[in-house]
Each structure stands twice: as structure tokens, then as C-alpha cells.
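A.B. asks: Residue numbers (this note's numbering), protein chains in the order written: chain C, 6 to 280; chain H, 2 to 351; chain E, 11 to 280.
Please note that a few of the clues may not be correct.
Unchecked claim - Derived pair list, reagent style EDC-like, types lysine to aspartate or glutamate, alpha-carbon separation capped at 20 Å:
#1 LYS342/H / GLU263/H
#2 LYS133/H / ASP177/C
#3 LYS133/H / GLU181/C
What the hints assert, rightly or not - According to the in silico footprint, chain E covers these stretches of chain C (three or more CB under 8 Å from chain E):
#4 124-130
#5 243-249
By construction, these hints were calculated from the structure, which means they are not laboratory data.
Even for Gly, the Cβ is constructed at its ideal location relative to N, Cα and C.
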Amino acid sequence: MNAPVSVRQSRSQPDGATGVPAILLIPAAIAVAFLVLPLAALLVRAPWSTLGSLLSTPEVRDALRLSVVSASLATLISLVVGVPLAWVLARSQIRGRGVLRALVTVPLVLPPVVGGVALLLALGRRGVLGEPLYSATGVSFPFTTTAVVLAQTFVAMPFLIISVEGSLRAADRRYEDAAATLGAGRAMTFRRVTLPLIAPGVAAGAVLCWARALGEFGATITFAGNFPGTTRTMTLQVYLALETDPDAAIALSLVLLAVSILTLGLLRDRWLMRT
Amino acid sequence: MSLSAHVVIQRGSLGVDVALEVKPGEVLALLGPNGAGKSTVLRVLAGLARPHAGLVRLDGQSLDDPAAGIRLAPHRRPIGMVFQDHLLFPHLSTVDNIAFGLRARGSSRAAAHTVAARWVARMHLSEHSSAKPRSLSGGQAQRVALARALAGDPRLLLLDEPLSALDARTKLDVRADLRHHLGDFAGATVLVTHDPVDAMALADQLVVVERGRVVQVGTPVEVSRRPRTDYVARLVGLSLLSGTAHGRAVLLDNGASVQVAEASNGPVFVAIRPASVGLYRSRPDGSPRNVWPATVAGVTPYGETLRVDLEGEVPLTADVSPEAAAELDLVLGAGVWASVKASEVAAYPA
Amino acid sequence: MRPPGRPPALQSVVLGLLGVLGLLGCGASDPPTTGAGTAGEERISETVTVFAAASLTDVFTVLGDRFEAEHQDVTVVFNFAASSTLAQQITQGAPVDVFASASAATMQTVVDAGLIVAEPEVFVQNTLQIVVPAGNPGAVTGLEDFTNPDLIIALCSAEVPCGAAAVRVFEAGGLTPQPDTLEQDVRAVLTKVELGEVDAALVYRTDVLAAGEAVEGIEFSQSSEAVNDYPIALLAGSPNPGAAAALVEFTASPAGLDVLAAAGFQIPEG
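Excised from the complex, chain C in its bound form (with noise of 0.2 Å):
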């Protein structure tokens, strides 16, 4: 009698270790040895000793401080426009959303490099719209702070984008009208109602900006340039770092690990505890 018993117990719990057939076992070891185990390597070459020396260098510093503050800004400047942006794709009726979704989304799939090259040609001092710029006030982007920032601004929003679209999706928008007949007009119900009700995915969204954002390489090198203390970002610095002092390299690589580990730690409510 005990058999198939014990059948239905490993049937009622597929999730279970016993549950996993060998057959999807197999590759998914593949998959998380292919993923681990780079991330293993870094540690384990890891100059652990010189660590602390390696990381207080003023560069090191200097291209950490730029990082997170630019990374912060691009967040910031993502937030105050991106998240009216995801409203109007998920709420609003205007036509050609589906077509303006698309167009805001490019980005995510855009080689960096590419994006990089793109804003150049729109915003560098010969470009569509900083030419005219440039002859007006004599302002040009390229070569400076405010570049790294346009440029993790353009590679990182869509994620934010994406994410807030989402929440403003699932939200229950009974809770709107439940405002709009408490007498609530739409602006104070996007933000006494809306907003905190999709407030997780906004969190969400913009610690996902942050960290591609601080991640960012390609786009910030072709638009920003690369300048120690003024458009050489953590990125760049170890891009830099590998062509002469590997040890840098992966002592800075080390710390972009430790935020993004920090990031996942973040979202781990939204994403890892998800079953």
C-alpha cells in the first residue's frame, strides 16, 4: 500500500527536489553552472590582498563617485519622465500606442554602442538638435558629467518604463473610480491613489534603471567620452583597467558584483521570492 502513495505525494509536489525529472535536471544544471560559475572565477582570482589598496586609489574613487551619481541622476530623470510615459502607454487611448510602446522599447535592444553613436548624431555639437543648440548658447553635451547622464538615461528608462507600465497594468482600477467618486480629480488620484498602489513596481523599475544605468559602457563611451572625474564611469575604468592592471580590473569588477548583488538582495521580494 505504501507505493502509490508515495506516487501521489511526488505527484501532488512537482516543486519538490524528487519532482524535477532528469530529463529538464540535466540542462538546468548546465544553465546555472554557465551562469555561476564566471561570477565563481572573479572571486576566486580575486586579488584579495590588495583589494583594499587596488579600490582607494583616487581613479578608483574619482569613477566611483561618477558612477553612482550619474547612474542616480539618469534614475532621477527616468522617474520624472518615465513613469508619466508608462501611464500614458498603459491608460491612456491616444492612437499609435502600440507603435510609440515599440519605439520606446528599441533601446533594450539597440547595441549600447549604437544608442551611443545616436545621440551623438542628435545631440552632439553637430547634431540634429545640438547644432542648433550649440550655436544659440554655445552648449554642448559631449565630453561632459551631463552625457554619462543623457546616456545611461537613454539605456536604463526603458527598464523603468517597462516595469511601472506593468504595475499600472495590474492595478486594480476600481481603486480610481472608487476616487474619482470620493471627488478626486485625475491628478490627485494618480498621485494619492495610483501611484502608492503601483509604488512596489516604480521601486522595482527604478533600482532596475539604477543598476543598467551604473552598468552602462557602450553609450556612455561613444556619447560621453571617457575622462577620468568628469565621463569615466566604473565601467570604463575597468575597460581601461584590463588593458594594463587586470588586478584592478577585477577588483573593480568586484564591486559592480557587490552592487548588482545588492540590487537583486533589493528585488528579491518581487523576483526571487516568487513561486
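Given the coordinates of chain C, work out where chains H and E should sit on it, guided by the hints.
C.D. replies: Positioned in the frame of chain C, the structure of chains H and E alone reads:
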């Protein structure tokens, strides 16, 4: 504070056309099966849905007048609404939920808070004043939702299935509570429900809606005594038959004949209460003149008794005690005899 | 209930993946079997693998085509990248026949690793040139303009060869440049000049020539202070040494020298 509405709106394949009048202090219940269009009517009154035609006027002011191009946005209407699952804002405390409408309508933070605090006390929610909705019981949440709708001092109160989210036990208390608060409310109230008990207990006036149309209007007593559709009859627990009266005999549409208490002539409805139907294993002798053979089509518990659905020339519902049911051996498909005294049969003009 | 024939699909994918992983694992450490059987023979055949500095991309592609035209049975395969990257790949065991570096110092790391057959030979030299966008909007005339903070100046980062050469010419001229960006490689510098975002930059003569109409080159006297040697060498682990030697000889032949000179390289004397 009277509401006069004629709502015409297409909802998918359902065309809704409902007219209703509510006087100040009066509670009107829109009663009908799911999908009949009741909630749609309520959403139009709230301004959440746009009618295609008709007119919604509150105290002489037009809220909706499609012909004249008038449509007042929901947040500009002097209304309060209680939603089906209450829809309390999950991120706000009890007192902030109640104060929301006051703040939205321009009260200062302090003034809104003062009024909200009064409602908290009045609804016996003082212990839960700073609690978030998720920690409230169903009954408490219902009171918060009602307070939130009433705090803005609306002229029209709309209740969308206000009791359906509650379990049966809580429902009794909350229904009594709600009845009490509605009694204090000076404006017009429109209540949507599919539960006849809620409608009977809370409403002064019933409007029965089926498939987007009004099928019966009246006081709860009128409607429950003299249902005009099968749906209403079943709701109020009556068997409804239709036929033509010739004096004290009513010839049913299917050819059977029923003896009734009062003489009349012409088309009539015949209503029979389940408790007045007697069941027998063999044809009873003696006085009852209404005796028909029937077949048991269903037996379901109904309170202390069993409710027996009967098929035959006169389809009926009978209530019997469990002892009687055992004695009669009421299994599905069993043949029985049903009898009703003529004095227990009501006929009224169709 | 699953249809017969379906289950093997996933298994074959898994096996395929394992196979790919296996190949990758072998490829990184072992020389390819191609040509191994003919290594002892004098016959020139099959594939020559050349690792060459990125700045040689255009010119070596042409050289490779010409060489293949003369040696029908040889296929030349190139891997172009930064010299330092290539040197790293070679010391990590990549199977290579020929290495052409844009820097003597980088070549030295491979020499030090004991991976070179004979002393590397400098086969071409390259010098720096000022490059400006077509029309020279910054009115740049010489190296002195690089000290003007109002101009947008791009240089290679000092960590890469073109940047190290730039440091030398500025030292020779006693000048302190005011760069706005220190790029990772010549290509990145040129892109920004071509787009007109940069008023002046220092790159190799060959790069200016290759960039064509969009840019202008300006000679300057201090350029002789930083002559960049391009050494070429046969590798000890060469899977195909015969063909490899023939290819190196071809670069020094009159036909080869024509191609190199046309691209802007200088041919060392002697």
C-alpha cells in the same frame, strides 16, 4: 434631494434601459440576477460610465443629459459610493480613507481629520482608526467604506452589492447596522443587490431588473406578495403560475386548473407559498380541491426544513420537515401527490 | 501519452550543448588538429592563423588576399584586436602561426613567455598625425593648439599604444595638452573626429589615410619623437610553420611593401 433618472446604455450585447425615481431619504433597491445591468445603471449614476441617451437629474440639476451634451465628471458629482469589495485604499489608514473625500473636495487637512474622526467614533471604529484596511474584518471594512462615502455629505448615496463580500454571520449584523445608517441619511439612496433579503430589509422601493429592462416596481411587500416574473417569485420563495381566471377557478396556460380564494376574471398570476403545499404518498381524501400528481425533481436543505422541487402538470415547490421527508421517502424521481388549500392560493391580475 | 519520437528532441539539444562545451574546452588549450599531420612535411598548405593589431586590419586584409592569390592552397585567417588583447590570448595558449603587434613592448611579453621562434622583426613603422574634421573648424595648425582649453581635444588613453606615443610627442614639444576625452582606441577617436564632435586629435598617419574624406591630416615636426614599431614574429607553437614563414616573407616582398606604403606605413631602412 431627489433623483430622477432614465438610463439608456449599451453594455456589450446587453441593451440597458432603466428609469427610476428616488425621493429624499428614500432607499431604492435595484434587484436582479447577475448580468442584468444593475451595476451598469449605478456606474452611470456615479458618472463612471457614459449613457447613450436618457437623463439623470439630481435635485433639478442635470448630471447626464446626452441630448444636450451635458455630462458632469464623477468627481464633480455630489455623490458617495460604496463598492462591492469596499475598495478601501490599501495604503491609507481607516481615518485617512474616510478623510480622503473631504481632502479631495478641498477641506484642509485638519478639518478633514476632525470630520473623519467623528465618523470613526460614530461607526465604532475608534480602536481601528490608524489600522490599514488589510487588518480590518469584513464588517469593519464595510463600515469604513460607508463612512468614507457618507463623510463628504453627499446628496446621492450609491451602494453596489454592499453586503456580498461578507460571510453569512457578519451579514446579519452589518445589514442591521446599514439599515440604521441609511435611516439617518437625508439624501436619496440607490442600492444594487441580487439578494432579495438585502433588498427587502433595506429598501423602501424595489425596481426589479432583468436583461436590462425593468420588470417590476413596487414596495418590498408588494413585490414579494405578487411577483410578476419567475425570477422574483423564486427569489421570494413563491411558486409562480400564470393563467386565466374564471371566477374562483384559474385555467393555467398548460391546461391544469387551480382553485383560488378570491374570484376574478381575465389573465392572472397565481402565487403559492412552499409552506402551504402538502405532500402525500397516495391521493388524499377529503376537502382540498387542489390535488395534483407530481414527481420529485430535487431536494435541498432550506433552514430547518427541506425544500422539494416538484415536476408535473402544476410545477410547485414544497417545504417539508425532515421527518415527513423520511416518511414519504422523497428520493429523486419519486411519485407523490401535492395538495394546496384554495384559501392559500393568491391570484392577482397579470 | 506523448507522441513517439518527441522525447529525443530535448536530449539531442542537451547532447549538442555538451558537445559544443567540449569543443570550446578543447579549442582553448589544444592546437587544432588541422595541419598537424603535415607539420613535418615541407609542403605549404592549408590554414595560416594571424593575430594582428587592429590598426593593421585594412592593410593585412589586402595582403592576405594577395598572398592567397599567389598560394592557392593556403587560407589566411585573421584575428584583429588590440595588441595587448592578442598578446594575452597568445600567452593563454591560443593556436597562432603569426603575431603582428603594434607595439614592441607588447611583443616583448610574448617573447618573454618563450613563445617566439626567432627574434621579432620590425616590418613597418607608424607615426602620429594631427587629425581634424574636414574643413578644420577649430583652425588647428600644430601641436601647440592642443594646449587650447577652448578646443575639444581627443587623445588615446596613455594605457594604450597611441596614447603612450602622444605622451612622448607632447613631452618632446614641452607642451601640456588639454584633452576632453581619453579614448580606449584609435577607432573611437576617429569616430568622434568624423562626426565633428572633436576639433583635433592625435592618431596614426595610417588611420588618417583610412578615414578618407571626412577628416584631414596635419603633419607636425615632433612626430619623429614617437615612431611606433610594428614587430612581426613566427610563433613557436605554430601549427603550420611553413606557410607562416612564407606569409612573413611576403610582407617584406616588393608586392607586400607596396601595399603597406600605400596605407601610410613607413618602411624601416635597412
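A.B. asks: If a hint holds in the structure, say so; if it does not, say that too.
C.D. replies: Taking the hints in turn, this is what the structure says about them:
For a cut-off of 20 Å, the pair hint linking LYS342/H to GLU263/H stands: about 12 Å separates their Cα positions. Taken as a hint, the LYS133/H and ASP177/C pair is honoured in the structure, with Cα atoms around 18 Å apart against an allowance of 20 Å. The straight-line distance between the Cα atoms of LYS133/H and GLU181/C is roughly 18 Å, inside the 20 Å bound, and the hint therefore holds. Closer than 8 Å: that is the beta-carbon criterion, and the stretch 124-130 of chain C has 4 residues meeting it against chain E, so the requirement of 3 holds.
Figure legend: the stretch 243-249 of chain C, annotated as covered by chain E; annotation consistent (4 residues with Cβ-Cβ distances under 8 Å, at least 3 required).
Of the hints listed earlier, there is not a single one the structure fails to meet.
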